[in-house]
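In order, the protein sequences belong to chains E and U.
Residue numbering for the first sequence follows the numbering used here, starting at 1 and increasing by one per position.
Residue numbering for the second sequence follows the numbering used here, starting at 1 and increasing by one per position.
Mixed in with the good hints there might be a few duds.
[Claimed, not checked] Only pairs whose alpha carbons sit at most 25 Å apart, straight line, appear in this in silico SDA-like list of lysine to any residue: (1) E:Lys528 to U:Phe68; (2) U:Lys130 to E:Lys334; (3) E:Lys262 to U:Tyr250; (4) E:Lys528 to U:Lys130; (5) U:Lys124 to E:Asn183; (6) E:Lys365 to E:Asp351; (7) E:Lys169 to E:Lys365; (8) E:Lys124 to U:Ala491; (9) U:Lys13 to U:Ser142; (10) U:Lys222 to U:Ser208; (11) E:Lys426 to U:Ser103; (12) U:Lys96 to E:Leu552; (13) E:Lys177 to U:Ser482; (14) E:Lys178 to E:Gly63; (15) U:Lys528 to E:Glu289; (16) U:Lys171 to U:Lys96; (17) U:Lys426 to E:Thr422; (18) U:Lys547 to E:Leu552; (19) U:Lys531 to U:Leu507; (20) E:Lys113 to E:Gly63; (21) E:Lys96 to U:Val486; (22) U:Lys178 to E:Phe297; (23) E:Lys126 to E:Glu166; (24) U:Lys96 to E:Ser482; (25) E:Lys528 to U:Leu484; (26) U:Lys96 to E:Asp487; (27) E:Lys528 to E:Gln568; (28) U:Lys96 to E:Glu289; (29) E:Lys96 to U:Ser51; (30) U:Lys177 to E:Trp97.
If you are wondering where the hints come from, they were derived from the structure by calculation, not from laboratory data.
2 protein chains.
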Amino acid sequence: MNTQNKLDALRRKMDEAGVSAVIIPNADSHQSEYLAEHWQTLKWLTGFSGSAGTAVVTKTQAGMWTDFRYWIQADAQLDSFKLFRQGDTDVPPFDKWLTHTLSSNDRIALDGKMVSAAQANSLKNKFSQKGIVLDTTLDLISDLWQDRPSMPRTPAFELDVVYAGETRKEKFSRIRKKMADYNADCHVLAALDDIAWTFNLRGEDIHSNPVNLTFALITMDKISLFIDPAKVSPALETTLKTDGVTLFDYDVFYETVQDLNKNARVLLDPERISDFIYQAIEMRSDIIEHSNPSVMFKCVKNEVEISHIRETAVKDGRAVVNFLHWLDTSDAPKTEISTAEQLLNFRKEQDAFIHPSFDSIMAFKEHSAICHYSADPDTDLPLSSDAMFLTDSGGNYLTGTTDITRTVHLGAPTSQEIRDYTLVLKAHIAVATARFPTTARGYQIDAMARRHLWQQGLDFGHGTGHGVGFFLCVHEGPARLSTLPVDIALAPGMLLTNEPGLYREGLYGIRLENMILVIDDEETQFGKFLKFENMTLCHFECDLVDKTMLNLAEINWVNGYHQMVYDQLSPGLDAPVRQWLGHKTKHF
Amino acid sequence: MNTQNKLDALRRKMDEAGVSAVIIPNADSHQSEYLAEHWQTLKWLTGFSGSAGTAVVTKTQAGMWTDFRYWIQADAQLDSFKLFRQGDTDVPPFDKWLTHTLSSNDRIALDGKMVSAAQANSLKNKFSQKGIVLDTTLDLISDLWQDRPSMPRTPAFELDVVYAGETRKEKFSRIRKKMADYNADCHVLAALDDIAWTFNLRGEDIHSNPVNLTFALITMDKISLFIDPAKVSPALETTLKTDGVTLFDYDVFYETVQDLNKNARVLLDPERISDFIYQAIEMRSDIIEHSNPSVMFKCVKNEVEISHIRETAVKDGRAVVNFLHWLDTSDAPKTEISTAEQLLNFRKEQDAFIHPSFDSIMAFKEHSAICHYSADPDTDLPLSSDAMFLTDSGGNYLTGTTDITRTVHLGAPTSQEIRDYTLVLKAHIAVATARFPTTARGYQIDAMARRHLWQQGLDFGHGTGHGVGFFLCVHEGPARLSTLPVDIALAPGMLLTNEPGLYREGLYGIRLENMILVIDDEETQFGKFLKFENMTLCHFECDLVDKTMLNLAEINWVNGYHQMVYDQLSPGLDAPVRQWLGHKTKHF
Numbered sequence: 001m002n003t004q005n006k007l008d009a010l011r012r013k014m015d016e017a018g019v020s021a022v023i024i025p026n027a028d029s030h031q032s033e034y035l036a037e038h039w040q041t042l043k044w045l046t047g048f049s050g051s052a053g054t055a056v057v058t059k060t061q062a063g064m065w066t067d068f069r070y071w072i073q074a075d076a077q078l079d080s081f082k083l084f085r086q087g088d089t090d091v092p093p094f095d096k097w098l099t100h101t102l103s104s105n106d107r108i109a110l111d112g113k114m115v116s117a118a119q120a121n122s123l124k125n126k127f128s129q130k131g132i133v134l135d136t137t138l139d140l141i142s143d144l145w146q147d148r149p150s151m152p153r154t155p156a157f158e159l160d161v162v163y164a165g166e167t168r169k170e171k172f173s174r175i176r177k178k179m180a181d182y183n184a185d186c187h188v189l190a191a192l193d194d195i196a197w198t199f200n201l202r203g204e205d206i207h208s209n210p211v212n213l214t215f216a217l218i219t220m221d222k223i224s225l226f227i228d229p230a231k232v233s234p235a236l237e238t239t240l241k242t243d244g245v246t247l248f249d250y251d252v253f254y255e256t257v258q259d260l261n262k263n264a265r266v267l268l269d270p271e272r273i274s275d276f277i278y279q280a281i282e283m284r285s286d287i288i289e290h291s292n293p294s295v296m297f298k299c300v301k302n303e304v305e306i307s308h309i310r311e312t313a314v315k316d317g318r319a320v321v322n323f324l325h326w327l328d329t330s331d332a333p334k335t336e337i338s339t340a341e342q343l344l345n346f347r348k349e350q351d352a353f354i355h356p357s358f359d360s361i362m363a364f365k366e367h368s369a370i371c372h373y374s375a376d377p378d379t380d381l382p383l384s385s386d387a388m389f390l391t392d393s394g395g396n397y398l399t400g401t402t403d404i405t406r407t408v409h410l411g412a413p414t415s416q417e418i419r420d421y422t423l424v425l426k427a428h429i430a431v432a433t434a435r436f437p438t439t440a441r442g443y444q445i446d447a448m449a450r451r452h453l454w455q456q457g458l459d460f461g462h463g464t465g466h467g468v469g470f471f472l473c474v475h476e477g478p479a480r481l482s483t484l485p486v487d488i489a490l491a492p493g494m495l496l497t498n499e500p501g502l503y504r505e506g507l508y509g510i511r512l513e514n515m516i517l518v519i520d521d522e523e524t525q526f527g528k529f530l531k532f533e534n535m536t537l538c539h540f541e542c543d544l545v546d547k548t549m550l551n552l553a554e555i556n557w558v559n560g561y562h563q564m565v566y567d568q569l570s571p572g573l574d575a576p577v578r579q580w581l582g583h584k585t586k587h588f
Numbered sequence: 001m002n003t004q005n006k007l008d009a010l011r012r013k014m015d016e017a018g019v020s021a022v023i024i025p026n027a028d029s030h031q032s033e034y035l036a037e038h039w040q041t042l043k044w045l046t047g048f049s050g051s052a053g054t055a056v057v058t059k060t061q062a063g064m065w066t067d068f069r070y071w072i073q074a075d076a077q078l079d080s081f082k083l084f085r086q087g088d089t090d091v092p093p094f095d096k097w098l099t100h101t102l103s104s105n106d107r108i109a110l111d112g113k114m115v116s117a118a119q120a121n122s123l124k125n126k127f128s129q130k131g132i133v134l135d136t137t138l139d140l141i142s143d144l145w146q147d148r149p150s151m152p153r154t155p156a157f158e159l160d161v162v163y164a165g166e167t168r169k170e171k172f173s174r175i176r177k178k179m180a181d182y183n184a185d186c187h188v189l190a191a192l193d194d195i196a197w198t199f200n201l202r203g204e205d206i207h208s209n210p211v212n213l214t215f216a217l218i219t220m221d222k223i224s225l226f227i228d229p230a231k232v233s234p235a236l237e238t239t240l241k242t243d244g245v246t247l248f249d250y251d252v253f254y255e256t257v258q259d260l261n262k263n264a265r266v267l268l269d270p271e272r273i274s275d276f277i278y279q280a281i282e283m284r285s286d287i288i289e290h291s292n293p294s295v296m297f298k299c300v301k302n303e304v305e306i307s308h309i310r311e312t313a314v315k316d317g318r319a320v321v322n323f324l325h326w327l328d329t330s331d332a333p334k335t336e337i338s339t340a341e342q343l344l345n346f347r348k349e350q351d352a353f354i355h356p357s358f359d360s361i362m363a364f365k366e367h368s369a370i371c372h373y374s375a376d377p378d379t380d381l382p383l384s385s386d387a388m389f390l391t392d393s394g395g396n397y398l399t400g401t402t403d404i405t406r407t408v409h410l411g412a413p414t415s416q417e418i419r420d421y422t423l424v425l426k427a428h429i430a431v432a433t434a435r436f437p438t439t440a441r442g443y444q445i446d447a448m449a450r451r452h453l454w455q456q457g458l459d460f461g462h463g464t465g466h467g468v469g470f471f472l473c474v475h476e477g478p479a480r481l482s483t484l485p486v487d488i489a490l491a492p493g494m495l496l497t498n499e500p501g502l503y504r505e506g507l508y509g510i511r512l513e514n515m516i517l518v519i520d521d522e523e524t525q526f527g528k529f530l531k532f533e534n535m536t537l538c539h540f541e542c543d544l545v546d547k548t549m550l551n552l553a554e555i556n557w558v559n560g561y562h563q564m565v566y567d568q569l570s571p572g573l574d575a576p577v578r579q580w581l582g583h584k585t586k587h588f
């Protein structure tokens, strides 16, 4: 079926169900960011393969909303769906568009397993103001999708406490303490990284995210893990049982939650549980809404994790420096795809490397202006010496997850490229050198970076930074550095990225990304202050910097950072690479 | 009765009503910031006279929560109540404290007229998680407060369209259009400045806030204004009736809302309506929750208002420069209180001045470290030449409301004072020179100012700026420049203050405040950009600036601003003052 056939079939389903519109989010039953193929409904229906988007189909119209990062990609991939450039002036969000397009008493279908309880609730409220009903009990897709990929089935494995730094029993105990604080006697988890962290388990069920398809249910006297038994080895089963975990089949979960104690007081995170689960529990039990305790626990890295992350920075830094050296010096013909393979090979040389933490972005020339560009054989550009090259990649190691972006010029940069690179570097340094009280929020740090661009009438359409998991999801909440009013205080132990950028559509893009760890700074009479420790080791391109645009503190920062990069990486590099890095990091 | 007697009497009332605790907010029935004496319950009960605080009384404890700005003042004024330093590390908010102090099934009393529906709802949710009941139907204070001041009764008067720039009928029409957008057929207003703006009426019912005690009810075919008839002259009554306004007595309002059409769809702003009114309406009608349309309309000043504000900046600037000249040159003995009188006299010389927009803060020496210091005869310090003096004041003119702070040294400043003043000035300039896209929020601008202090381990406990009304409240929502995640985009026409500060308890405080107007800047390929226009004209103290701490752009800004101040103010100043200002604003 082509997209038009699918659309026609979906509209017949809509007629049968008596709904005027259907919303198809890019989502799974666990509110994951990245999706197993089984859940890539949006891609199947619309042809758009980006990681964020929402399709809406009415009887006469079909639209797909996606943000700034994917506008160029979506424009190329969509045929039967109209692209709505989410965030652009005068483009209404899909819910507002629906409210204007539909009439009172119209019904909209949205599969309740594919939407968080919080989002479903928010949508219901908005639609009800116009008298429109949101029905979250209908799944109109599954019947249509004949060749749907099956659910993933990779083995689960234990993340040793040598890496995790805290046993699962200690984690259970911390969670139960929070449950008691909230007066809850039961806690339901559906978010895969929350469960992976809590149980010290990892897997490969989702591409790039080392998690298992699971649900969990924690009470004061029982810990239940719902997972396909084929994924659990006898040895792992024994270990889990020893730690008090009872295993159930994944499929049993939905029956189990529908059958909770009538008087249970269930702790739920409406952002991280589906509307379907929420509704099922709400029928019989009291719900206590609160962020999952594991969300805050997980984002604050412990000392064992931090020491692994520091060591991983050296390994990953060597891989990236080896790659950049190869890029600069090898005569081999290169394309975007082949460079990704080369970088992967350098990472594979590193100890305890498991797999990439996301699909590398290797973007040459105008492709680098596409924030989340993904090269495929149709678009794969050969590299030449006339343009900028942006490389954004990361690794999942047993010793931590990495995320790094560098932008280089393969030939002679223009003065505009140099000016832009310098501005992005200034934004990067503004974050790297920030000092802030314990009450500070990520949006304040983001503003410090962005000011350097705003003052020149420039901007970038993504956040300055996101949280990073420990051998877990490369995008991890809840802390972030972004323009959004996320009310989470930065706290020591939080691992984030620092990645301001600048994108000139059709020309080039620049992004400079390090990972940073929130650490203690001094305490003054105005309170306790925090700062960032750099957790990525790789030089910047001084040839792309206009030194006259930097102030003395910024120049000192670059020189100090470069000295640290050289000192830490050079012992493990081959002589030619070491020499090359010495040149790249020389005092400027 | 002293505070202990009042506390004893209140506890007897609590026993009779069977409640374990009572919350006494600093509030009136209109969710006003400043309160008529009739509603100064917190001051009557606790002795604390600051403008923000919440008292909580249990059977055995009595606490008063107030923020940073008032800690020193509250410490001095409280006797029977324990001060909780709200915002300080390890000080729980009063609701959390109550949750920990009380037990399941305990009841808390809070007069539903004295709390917004939004806040009551939030408190109810928090308490219910612990099984504690919040009863908003009880008023335990009125019976105890024997000598309670009566409700204010000042005349209402029309703000001519020559000043307002838009007729009330045009405003009604804009509001009705929004009501239609929200599918509402009825709109209830209790916020006094919303009503004053909507009806082009002003009064003097609340000290410093030129408003009338009113309620309003707008339907598609009727406009009802609830106001004490004694306040409305026959001429004004005729004008209002001509414009389609039906007048009712203030007291009739509560019966009227309880008697709305059963099927009415009522637009309510839960932040700006009392829980009492909300509950009454919710019993019979459908509520559509949304910010009052007048809130966003009012905060975006129209062209007529803006041209008046520009003209007011000249008048108010002359008054303040005359005052600072007098402060610098007059040999007369001065105290904090006498200087306030002197400044008021200079303002009274200006055309269309009505009254101060708030009680002037004239704070000498260590008093300047108290953000909202208010001199009284017991604390009134004589001025001498050995310390800093902070003057924060404003005027209500028919042509607009002003708010300005300057800090001067009456003798020879120390190097720390100069360093601190320079840092605050750098923060001020960061805002004044900011350029930002139309998506920018106030918290981003705040962060740009605060960075200059944070980098040095310094901070200040208030926002960088607040909205200002047009001949209305000096603090006007919803836009603000603060650390809080207020999700309101800055838009052309918004009038704000720019007032970073720095306070060294026991020594001195510095605050530098101008009003700023959001205006259009250029449009680039990254979108439309905005910037600020300065709406306050008064020099800064170059003697308090360490020029080596400023970069070239900052020095240029000071010189450019000083040139503008001199050019605009000097024509209306007496020769000695003009000469003095010339010296103060000379190129540096």
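Against the structure, the hints come out as follows:
For the hint linking lysine 528 of chain E to phenylalanine 68 of chain U, the alpha-carbon distance of about 16 Å falls within 25 Å, and the restraint holds. This hinted pair does not check out: lysine 130 of chain U and lysine 334 of chain E have alpha carbons roughly 63 Å apart, beyond 25 Å. Simply put, lysine 262 of chain E and tyrosine 250 of chain U have alpha-carbon atoms about 49 Å apart, too far for the 25 Å limit, and the pair is violated. Proposed proximity of lysine 528 of chain E and lysine 130 of chain U is contradicted: the alpha carbons are some 32 Å apart, above 25 Å.
A threshold of 25 Å between alpha carbons decides the hint, and for lysine 124 of chain U with asparagine 183 of chain E the separation of about 16 Å falls inside it, so the pair holds. With a CA separation close to 33 Å, the supplied pair lysine 365 of chain E and aspartate 351 of chain E exceeds the 25 Å bound. Restraint check for lysine 169 of chain E and lysine 365 of chain E: the C-alpha separation of about 51 Å exceeds 25 Å, so the hint is violated. For the hint linking lysine 124 of chain E to alanine 491 of chain U, the alpha-carbon distance of about 29 Å lies beyond 25 Å, and the restraint is violated.
The suggested pairing of lysine 13 of chain U with serine 142 of chain U holds, with an alpha-carbon distance near 11 Å, which does not exceed 25 Å. Taken as a hint, the lysine 222 of chain U and serine 208 of chain U pair is broken in the structure, with Cα atoms around 31 Å apart against an allowance of 25 Å. Proximity of lysine 426 of chain E to serine 103 of chain U is assessed by CA-CA distance (about 54 Å); at most 25 Å being required, the pair is judged violated. For the proposed pair lysine 96 of chain U and leucine 552 of chain E, the alpha carbon gap of about 47 Å is over 25 Å, so the pair is violated.
Pair hint lysine 177 of chain E plus serine 482 of chain U does not hold up; C-alpha atoms about 34 Å apart against a cutoff of 25 Å. At most 25 Å may separate the alpha-carbon atoms for a hinted pair to count; lysine 178 of chain E and glycine 63 of chain E exceed this at roughly 43 Å. The straight-line distance between the Cα atoms of lysine 528 of chain U and glutamate 289 of chain E is roughly 40 Å, outside the 25 Å bound, and the hint therefore fails. Taking the CA atoms of lysine 171 of chain U and lysine 96 of chain U, the gap is about 42 Å. The hint is violated against a cut of 25 Å.
At most 25 Å may separate the alpha-carbon atoms for a hinted pair to count; lysine 426 of chain U and threonine 422 of chain E meet this at roughly 23 Å. Distance restraint check for lysine 547 of chain U and leucine 552 of chain E: the Cα-Cα separation of roughly 17 Å lies within the 25 Å cut-off, and the hinted pair is therefore satisfied. Simply put, lysine 531 of chain U and leucine 507 of chain U have alpha-carbon atoms about 35 Å apart, too far for the 25 Å limit, and the pair is violated. In summary, the hint linking lysine 113 of chain E to glycine 63 of chain E is supported, as the alpha carbons are separated by about 22 Å, within the 25 Å threshold.
Distance restraint check for lysine 96 of chain E and valine 486 of chain U: the Cα-Cα separation of roughly 21 Å lies within the 25 Å cut-off, and the hinted pair is therefore satisfied. For the given pair, lysine 178 of chain U sits about 44 Å from phenylalanine 297 of chain E by alpha-carbon distance, which is inconsistent with the 25 Å threshold. Distance hint between lysine 126 of chain E and glutamate 166 of chain E is unfulfilled; the C-alpha atoms sit about 43 Å from each other, more than 25 Å. This hinted pair does not check out: lysine 96 of chain U and serine 482 of chain E have alpha carbons roughly 29 Å apart, beyond 25 Å.
Distance hint between lysine 528 of chain E and leucine 484 of chain U is fulfilled; the C-alpha atoms sit about 19 Å from each other, no more than 25 Å. As the CA atoms of lysine 96 of chain U and aspartate 487 of chain E are separated by approximately 18 Å, the hinted pair is consistent with the 25 Å bound. The straight-line distance between the Cα atoms of lysine 528 of chain E and glutamine 568 of chain E is roughly 30 Å, outside the 25 Å bound, and the hint therefore fails. Taking the CA atoms of lysine 96 of chain U and glutamate 289 of chain E, the gap is about 16 Å. The hint holds against a cut of 25 Å.
Proximity of lysine 96 of chain E to serine 51 of chain U is assessed by CA-CA distance (about 40 Å); at most 25 Å being required, the pair is judged violated. For the hint pairing lysine 177 of chain U with tryptophan 97 of chain E, the CA-to-CA distance comes to about 19 Å; that is within 25 Å, so the pair holds.
Checked against the numbered hints given earlier, this structure breaks hints 2, 3, 4, 6, 7, 8, 10, 11, 12, 13, 14, 15, 16, 19, 22, 23, 24, 27, 29; the rest are met.
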